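Q: So the chains spell out like this:
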Amino acid sequence: MEKSECLDFDKIGYRYPGGNRNVLSEITCSLNRSEITALVGLSASGKSTFGRIIKGLIEPDRGCCNSVNSDGERNKLPAEKRMKMIGWTGAHPELQLFAATVQEEVGFGPVNLGVKGRDLDQRINWALEKVGLDPEEFLNRDPFRLSGGEKRRIALAGIIAMQTDYYIFDEPTAGLDDDGLESFIDLIKSLKNDGCGILWITHNISQLAGIVDRLWSFEDGELVMNMAENQVDWEDLTERLVSGNDKCSRTSILACH
Amino acid sequence: MTVFELKNISFSYPNSSNLILKNVSMKLETGRIVTLTGKNGSGKSTLSHIAAGLLKPTAGSIEIKDIPAEYEGIQAGLVFQNPDEQLLNADVESEIAYGLENLNMPIDEMKARVNETLDIFNLKKFSQHSPDSLSDGWKQITAIAAVIAMKPMFLILDEVTAFLDPYWTERIKEIVKELSKQIGVLWITSSTRQVIWQDEILSLQNGLIIRQEA
Chain A
1 MEKSECLDFD KIGYRYPGGN RNVLSEITCS LNRSEITALV GLSASGKSTF GRIIKGLIEP
61 DRGCCNSVNS DGERNKLPAE KRMKMIGWTG AHPELQLFAA TVQEEVGFGP VNLGVKGRDL
121 DQRINWALEK VGLDPEEFLN RDPFRLSGGE KRRIALAGII AMQTDYYIFD EPTAGLDDDG
181 LESFIDLIKS LKNDGCGILW ITHNISQLAG IVDRLWSFED GELVMNMAEN QVDWEDLTER
241 LVSGNDKCSR TSILACH
Chain B
1 MTVFELKNIS FSYPNSSNLI LKNVSMKLET GRIVTLTGKN GSGKSTLSHI AAGLLKPTAG
61 SIEIKDIPAE YEGIQAGLVF QNPDEQLLNA DVESEIAYGL ENLNMPIDEM KARVNETLDI
121 FNLKKFSQHS PDSLSDGWKQ ITAIAAVIAM KPMFLILDEV TAFLDPYWTE RIKEIVKELS
181 KQIGVLWITS STRQVIWQDE ILSLQNGLII RQEA
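Protein sequences, first through last, are from chains A and B.
First residue of the first sequence: 1, per the numbering used here; consecutive thereafter.
First residue of the second sequence: 1, per the numbering used here; consecutive thereafter.
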């Protein structure tokens with residue numbers, strides 16, 4: 001496959017089957033290699049749906065995904081190709097875990113790519129160390145007996161063990177302790193330095209300043225902000241997200257209680 | 001008023017000699033929020049399951065205190081870290097009603113409580129939607145709403161803002177603060193950056209509770 005320099009999304013639109021509103025409307029943007037892009041927005045603004053479309057888990061109703069090469073040529077990138085080029089982890093890693101040991105879990109992707117023997121062992125150890133887990137301590141453990149935060153790190157290790165060009169991490173830091181958060185940030189910086197393109201989907205904007213290169217913000221399925229990190233007014237963005245767009249009842253909860 | 005007390009709780013999982021909790025004691029009182037922090041794997045969720053009665057401690061006792069005899073709600077309300085582990089009904093309205101049905105609440109009263117809860121948590125727009133079809137944030141709000149609707153005498157909130165956007169994080173904090181005037185609250189978080197209540201901060205380290213300076 002020709003080397004991809006960025007993924008280009010052209011007027012992506014989507015409505016869930018039977019749904020009464022567009023979850024995504026005309027999303028046009030590019031995910032660059034060697035950059036960390038954060039995607040923020042209120043709950044149900046379409047962030048996770050967009051991540052799943054990029055990965056190829058959902059086919060958009062409208063628009064297309066392209067790969068752009070070093071000469072600037074755009075080639076349509078069907079879902080089956082995106083599946084191979086992009087690593088993705090959803091918000092609940094335990095839904096992705098299935099193996100009896102951490103070794104088998106993290107090695108599953110590479111084994112399916114034909115990696116074996118010593119290369120496989122090295123790949124598994126490399127991935128575990130990247131997410132801050134000691135291979136010696138974890139290799140033979142049952143992933144289902146680990147804590148929520150440890151499961152998340154195992155899921156991340158399983159994804160990066162595939163060594164793809166792009167990664168989508170959907171709420172990867174929810175439930176992580178401080179070490180886990182730092183380890184995740186080290187991980188994405190390291191992947192960026194390796195030349196990967198990273199999309200970090202999150203609601204927690206306090207973690208992003210100085211870490212990411214670019215910020216996208218969604219409101220009701222529309223891309224309302226696409227700018228370099230150093231142009232973002234973080235205070236204003238925080239204020240906007242804290243204000244929300246829900247008309248919430250201010251009925252006293254104690255009246256209910 | 002003390003509503004709940006854990007006394008000298010120890011716990012190990014079956015077929016394991018590794019003590020996850022060692023002689024842990026803590027109290028929940030009305031008017032103050034107890035924060036429990038600790039690294040991933042330190043036993044916070046295990047402790048929450050013991051407090052809610054889902055796991056039996058290996059040693060120690062759990063005392064429910066000073067709850068008026070006429071109190072009609074449940075004793076312990078636990079909101080899980082992952083809302084998918086908690087949501088089991090076909091639509092959001094049924095999810096809120098489920099616990100109340102199990103409390104044998106009269107139908108008119110139940111309808112009123114469900115309505116009020118949907119209103120407070122702005123869930124009316126999703127009342128007929130399947131929880132599975134919601135975003136992670138709205139699933140988490142639904143799980144919190146369903147537990148609070150049952151009027152627990154003490155509320156255990158395990159990483160409940162993990163999937164919430166900034167608006168709903170603030171709103172849930174407001175709701176919890178208000179509730180804590182009448183009930184005991186245990187707020188569990190892995191991240192020291194998420195320590196927002198200063199009433200009492202406990203840290204779980206190597207199975208032991210360390211009291212932190214507020």
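Hints should not be assumed to be uniformly reliable.
Where chain A lies over chain B, by a calculated footprint (3+ residues, C-beta under 8 Å) [stated by the list, open to error]:
(1) 47-56
(2) 123-136
(3) 155-163
Hint data in this document are derived by calculation from the structure and do not stem from the laboratory.
Every value quoted in this text rests on a predicted model; they were computed, and no experiment measured them.
All C-beta atoms, glycine included, are put in the ideal place defined by N, C-alpha and C.
Q: Please write out, lowest number first, the hints stated earlier that are contradicted by the structure.
A: 1
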